[in-house]
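Participant: Below are the chains, spelled out letter by letter.
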Amino acid sequence: MTAQLAAYTTSTGEAFQFWVLGTIAVIGALCTVFMKKAVHSALCLAGTMIVLAVFYLANGAYFLGIVQIVVYTGAIMMLFLFVVMLVGVTAADSLKETIKGQRWLALLCGLGFGTLLIGGIGNASLKEFNGLGRANANGNVEGLATLIFTKYVFAFELTGALLITATVGAMVLTHRERTERAKTQRELAEQRVREGKHVPPLPAPGVYARHNAVDIAGLLPDGTPSELTVSKTLRDRGQVRDVSTEALSDLKALEQRAEDRLERSNSGGSNSGEASK
Amino acid sequence: MSFPLLTATAVLPALGAIATAAVPAAKRTAAKWLALIVSLGTLALAVTVLMRFDPGGARYQLTESHAWIPEFGVRYELGVDGIAVALIALTAVLIPFIILAGWHDADPLETGSKRWRPTQGFFALILAVEAMVIISFEATDVFLFYIFFEAMLIPMYFLIGGFGDRAHEHGEETAATQRSYAAVKFLLYNLVGGLIMLAAVIGLYVVAGNFSLTEIAEARANGSLHMATSTERWLFLGFFFAFAVKAPLWPLHTWLPNAMGEATAPVAVLITAVVDKVGTFAMLRFCLQLFPEASKWATPAILVLALISIIYGALLAVGQRDIKRLVAYASISHFGFIIMGIFAMTSQGQSGATLYMVNHGISTAALMLVAGFLISRRGSRLIADYGGVQKVAPVLAGTFLIGGLATLSLPGLAPFVSEFLVLVGTFSRYPVIGIIATLGIVLAALYTLVLYQRTMTGPVKAEVAHMPDLRVRELVVVAPLVVLLIFLGVYPKPVTDIVNPAVKQTMSDVHKKDPQPEVEAAK
Amino acid sequence: MENLIALLVAAPLLGAAVLLCGGRRLDAVGHWIGTAFAAASFVLGVVLFADMLGKSPEHRTLMQHLFSWIPVEGFQANVGFQLDQLSMTFVLLITGVGSLIHVYSIGYMEHDERRRRFFGYLNLFLAAMLLLVVADNYLLLYVGWEGVGLASYLLIGFWQHKPSAATAAKKAFLVNRVGDMGLSIAIMLMFTTFGTFAFGPVLQSTGDAGEGKLTAIGLMLLLAACGKSAQVPLQSWLGDAMEGPTPVSALIHAATMVTAGVYLIVRSGDIFNAAPDAQLAVTVVGAVTLLFGAIVGCAKDDIKKALAGSTMSQIGYMVLAAGLGPIGYAFAIMHLVTHGFFKAGLFLGAGSVMHGMNDEVDMRKYGGLRKYMPITFVTFGLGYLAIIGFPGLSGFFSKDKIIEAAFAKGGAEGWILGGAALLGAAITAFYMTRVMLMTFFGEKRWQPDEHGNEPHPHESPKVMTIPMIVLAVGSVFAGAFFGIGERFVKWLEPVTGFEHGHPPVSALTVTLSTVAVMVVGVGFAYAQYGRRPVPVVAPRGSLLTRAARRDLLQDDFNHVVLVRGGEHLTRSLVYVDHTLVDGVVNGTAATMGGLSGRLRKLQNGFARSYAVSMFGGAAVLIAATLLMRAV
Amino acid sequence: MNPVNYLYLAALLFTIGATGVLIRRNAIVVFMCVELMLNACNLAFVAFARMHGNLDGQIIAFFTMVVAAAEVVVGLAIIVSVFRARHSASVDDASLMKL
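Residue numbers (the working numbering), protein chains in the order written: chain A, 35 to 311; chain B, 88 to 610; chain C, 328 to 958; chain D, 5 to 103.
Hints listed in this document are in silico derivations from the structure and should not be mistaken for laboratory results.
Hints are not guaranteed to be accurate.
[Stated by the list, open to error] Example chain D residues on the side facing chain A (calculated, C-beta under 8 Å, incomplete):
| # | residue |
| --- | --- |
| 1 | L26 |
| 2 | I27 |
| 3 | A53 |
| 4 | I83 |
| 5 | A93 |
It should be emphasised that the depicted structure is a prediction, and the values quoted were computed from it without experimental measurement.
Ideal Cβ placement from N, Cα and C applies to all residues, glycine included.
Between the sequences and the hints, there should be enough to build the whole structure, so can you do that?
Facilitator: Below is the structure:
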């Protein structure tokens with residue numbers, strides 16, 4: 035009777051867990067798609083994956099739940115983060131669409147696909163849930179192991195080969211053979227001279243002593259900021275702080291203050307003078 | 088299990104093609120000799136087939152049958168009747184001459200030319216074509232036939248597009264453009280035909296449940312396989328379309344002048360004398376046997392088209408300024424005769440058509456190869472660039488004249504026999520068409536003699552004044568063809584004896600009897 | 328004995344093969360080889376003739392079956408020979424005159440570097456012509472028929488470095504092909520009517536076939552005869568054919584080949600006998616041509632072309648006679664034989680004149696040659712007397728009989744045909760006298776040519792004059808030999824049949840009027856050309872003269888209608904093929920190209936766009952699956 | 005609650021992932037979205053395993069994970085090398101197929 039029941043419904047606890055964590059998972063997924071920065075996307079995805087791990091556990095897939103956390107959230111997502119760091123922030127991060135009609139088509143297709151998929155599931159007769167009680171009787175890991183090493187042994191061996199190949203492939207793809215000697219500092223300097231641009235080192239960021247932070251562009255004599263002074267990554271991220279106006283107003287304030295002080299001294303002087311007069 | 092002679096006949100040139108292609112580039116001459124020897128070996132095998140074939144025996148002989156794709160009932164089935172034997176022999180006879188005539192056609196050009204010409208490839212491709220043509224003649228499985236019917240296009244495409252005449256009157260750039268245009272046109276025309284045929288082949292499978300020509304034909308004959316009239320007609324049209332493109336029948340002919348004009352003369356011979364024959368052969372073997380009722384239904388229309396081909400091709404040949412295109416249009420006219428003979432549905436017509444296939448192969452080969460020798464000497468295909476060659480190179484002119492006379496069906500040369508049989512066969516059933524077709528012989532005389540007059544006679548032009556006469560190699564090519572033309576013109580009995588029983592069979596397939604002479608009918 | 332027939336044909340054929348394939352090393356002896364083979368053939372002919380004479384008239388036919396040529400279901404063509412009196416006559420004429428002309432050519436072609444080839448062609452011609460006359464069925468006859476056409480083509484165009492010769496050769500072959508078309512249709516008709524085309528079965532079963540069919544066959548045979556024998560409307564090639572060397576004109580275009588049409592009609596006599604309409608057409612063609620040729624002959628200044636016109640006219644007589652049925656067949660052949668002698672003699676004479684006159688052919692530049700070349704003058708003169716029908720010479724006997732037979736046709740037809748023939752005789756006398764007077768009489772009119780070479784007329788060598796003498800003897804005595812006692816008629820009767828014609832007036836009256844019109848014709852010619860000097864430059868002449876000079880405008884008609892029209896037709900067809908037939912295909916290709924150009928824009932190279940289409944496709948697939956399940 | 009809801013959730017996540025693939029230009033994010041889709045499938049497999057009462061679904065999910073891991077490794081390697089060559093991780097920049 036209970037088994038029967040378990041087939042159709044779940045415990046209230048699980049229902050509660052589903053609705054709460056399910057919401058989080060969907061939000062996480064949406065954030066993955068719509069977050070501007072790749073790091074944020076990665077973090078949101080990691081969150082969704084952890085939620086999914088919990089769902090696996092709830093569905094009796096204990097081994098998979100743990101693997102999900104260890105392999106996916108632990109290994110794969112970290113790999114993503116490394117690559118994000120390696121690649122840095124690029125203009126590709128922008129959510130602005132460049133292909134005409136792409137976004138609308140994508141949303142339309144997504145909507146249609148989703149509707150159809152959900153409609154399809156709704157239509158299917160998925161009433162009977164047998165539950166994993168019997169299958170997990172000897173323990174989930176043991177059950178899986180039995181299957182993997184008997185029925186799916188060939189597939190399993192193949193995945194081994196696949197992983198090895200993937201590893202080797204990744205190495206081949208990312209490894210860059212140096213075919214020529216690296217240029218020395220001197221040679222680089224000479225090249226710069228030959229090309230005739232930026233003979234001296236790139237100008238330093240920062241304006242005056244007050245703002246020497248790397249994200250603040252140096253100002254040209256007319257007061258406009260020079261992009262050259264800020265690193266490319268910051269520029270792509272749009273994290274350059276333009277202080278030209280601020281600096282000008284600061285300057286003005288400084289002059290004002292100096293004047294004030296001078297005036298004060300003047301006026302003080304005059305005052306005193308007056309006073310003395 | 089006896090020795091698979093038919094397979095061997097097709098496999099030998101195929102292996103030869105591979106071997107020739109594998110010869111290292113430096114040993115160009117060795118590749119040529121290899122190709123020649125292989126083609127002669129194939130000829131020997133074909134002669135064996137001819138010997139082993141018993142004209143009075145079963146319809147299909149030397150048969151071989153193995154399962155190939157059992158899921159679809161596709162079998163590797165070979166067998167030859169008299170018509171196929173004659174055409175296999177023709178192919179095997181012509182290929183050595185084609186190879187020998189094209190001995191220097193694929194040599195690397197002088198330094199400074201950008202064109203790359205792989206010599207081995209040229210000969211390997213010719214052998215590949217030979218293998219495919221031979222197996223097309225042998226296949227009695229519709230699917231097997233279809234595969235090689237289509238596969239032939241690949242080597243032909245490269246032969247047309249890759250190897251043009253050494254010199255061209257419009258310069259190398261234009262020549263390359265025109266060549267690739269011709270090759271693509273050839274490919275597209277034949278592919279379209281082939282695809283429509285593929286649809287019909289599948290349709291046939293759906294209706295009949297297997298691909299075996301013999302089984303289907305037998306089932307058709309004894310009534311166990313019924314086809315709706317419209318189904319039969321559609322399937323017939325599907326098959327016929329492909330064959331009419333290949334043959335080629337007006338108005339599907341325009342690829343032939345381009346292809347023959349741009350290809351070297353030996354390749355042009357390969358196209359018109361060998362490859363195109365598969366089209367007319369297939370009409371006789373597949374259209375008539377598989378769809379006898381539809382064939383009879385379509386006969387009037389086809390005869391009219393064939394008649395148009397005859398007259399139209401001849402008239403256009405008269406108007407050509409290019410030697411090779413002229414021969415191409417003449418071939419269109421001759422193919423009109425062949426198709427007319429097939430669909431006249433008389434013994435004389437069909438025997439004549441089969442004989443015509445053989446004779447046309449030989450006569451066109453003679454004319455075209457000599458024309459090729461002529462063109463290679465002067466570097467131009469334009470008729471106007473020649474004049475007075477007879478005075479300078481009498482043997483070349485003489486053989487050219489004999490080739491021309493064969494083309495205009497002079498009695499005493501082989502094509503006359505076949506042309507007359509076709510005309511008689513057509514006339515006895517369709518007098519008006521027969522009489523109009525007879526006009527073709529006048530037009531044939533016109534274009535041939537105009538060609539001869541403009542190129543060979545008259546004052547000697549300065550450019551041809553030092554033209555050498557035929558060389559030994561060229562003479563070796565032409566002389567046997569001329570001898571064959573005369574021999575088969577005087578004594579065609581060896582061929583007709585082989586062909587007659589097969590034609591009799593075909594006539595009974597379509598349930599047609601020859602019309603009775605009036606005098607006997609009156610009695 | 329039968330086996331000799333094949334040898335008869337084979338000998339010259341072998342000669343041709345040897346000479347044409349032999350190459351340069353035979354150059355020195357080629358002409359002797361050619362002549363030897365021709366002579367061998369003649370000897371064989373004589374042997375066969377002697378044998379034939381030894382048998383009774385009904386059993387003189389020899390048959391030889393060689394081999395089965397085209398054996399096809401329901402269609403049996405054999406290579407077989409039939410030698411009867413008719414064929415025998417031709418064999419002797421062909422080999423006899425042929426051998427003489429071979430001998431003559433040895434001298435005539437002496438300075439031609441391609442003499443060996445010339446003899447090869449002559450041998451080829453002999454073989455084809457012999458095949459034509461000894462074949463036992465129409466298809467084999469057709470082989471010979473086209474074979475002589477080929478030989479004629481090769482020989483007319485022998486000096487093919489001259490464009491005019493090459494063109495004339497082509498024209499001859501083409502016009503002949505039109506006639507050949509007639510013959511092939513006739514054979515096809517025979518096949519559908521009788522199921523065979525061997526002489527024996529066809530000619531014996533004419534009674535079983537309908538008259539319509541027979542008339543059709545007859546008309547087609549007539550078309551063939553018109554082509555080969557240069558009868559109106561296919562006569563235009565013969566004049567141009569004179570471009571060939573003169574021995575060729577003598578042998579092929581006067582004595583033998585052009586008479587093949589007459590042979591064909593006489594051979595097919597049974598068919599014509601059963602088809603009176605076809606017979607009438609034959610007589611009409613003959614009568615028209617005999618006048619046409621005669622008129623043309625009057626106007627030509629080229630000696631060979633004048634003789635060609637005469638040939639046309641004389642063959643017109645033969646065709647006319649052949650069209651009269653059994654009353655005329657024998658006379659047609661008799662005139663053919665005598666004509667063979669005197670016309671060949673005339674041509675050889677003309678050749679001899681040209682030989683001595685630096686190949687000048689314009690009679691207006693001759694004059695007074697009788698002093699310079701007496702033998703030629705005498706032989707030519709005898710030929711001349713023979714052709715105009717001077718009493719006692721051969722032409723008199725044969726032509727008179729034909730005129731008689733024409734009158735004997737009876738009714739209005741008889742009067743018209745007879746009248747035409749009589750008128751023809753008068754004109755013949757006129758133009759031949761003209762030729763004679765312009766060439767051999769009067770003052771010398773030749774001048775140095777542009778290179779300053781003045782002709783030095785001289786008699787030809789013996790090798791040329793002897794054949795001329797032999798032929799002249801033939802022209803004098805053949806007629807009398809054949810005609811007296813109806814020897815020739817009796818000889819041919821078993822083959823062609825014979826009926827005595829009954830002219831509405833007595834035979835003597837006809838003969839006398841023939842002689843009378845001949846005298847009138849000669850008188851006219853003398854008045855015009857003998858009594859006053861002949862101008863070197865041709866006067867403008869009357870409208871008829873000018874038209875006759877241009878072959879009565881028939882060539883112009885051909886040129887405008889057939890040549891020009893044909894050129895326009897082929898050119899426009901080339902255009903149509905290029906733009907329309909090819910255009911439809913190329914247009915389809917262009918449309919497809921344009922369409923795919925549009926479709927190509929969808930392939931923008933952005934992976935995400937492709938992903939959208941994949942995703943959309945997946946959605947559509949799901950929708951389709953659901954729909955299928957729902958249905 | 006009916007466990008079918010897991011399937012709905014899986015469908016939803018899958019669709020979101022797919023839409024993300026189409027919308028984002030950064031190849032790394034596109035990859036993440038692909039991972040999201042794979043995970044959604046895994047959830048469905050696990051739910052199906054529960055439904056049918058056997059472990060085959062879980063096995064498939066397990067294999068998916070393995071394959072996904074391999075794919076990520078190779079894919080990221082490709083992204084890195086493309087980035088090195090073209091200094092861009094935008095999928096739109098790799099449009100050489102465009103005519």
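Participant: Is the hint on D/I27 kept, meaning its closest Cβ partner in chain A is under 8 Å away?
Facilitator: 5 Å, holds
Participant: Quick check on D/A53 please, does its C-beta sit within 8 Å of some C-beta on chain A?
Facilitator: Hint holds; D/A53 Cβ to chain A Cβ min 7 Å, cut 8 Å.
Participant: Please verify that hint: D/A93, Cβ, nearest Cβ of chain A, below 8 Å or not.
Facilitator: 5 Å, holds
Participant: Does D/I83 pass the interface check with chain A, least Cβ-Cβ distance below 8 Å?
Facilitator: Holds, about 6 Å.
Participant: Taking 8 Å as the limit, does the beta-carbon of D/L26 come near enough to a beta-carbon in chain A?
Facilitator: Because about 3 Å separates D/L26 from the closest Cβ in chain A, which is inside the 8 Å limit, the hint holds.
Checked against the numbered hints listed earlier, the structure breaks none of them; every hint is satisfied.
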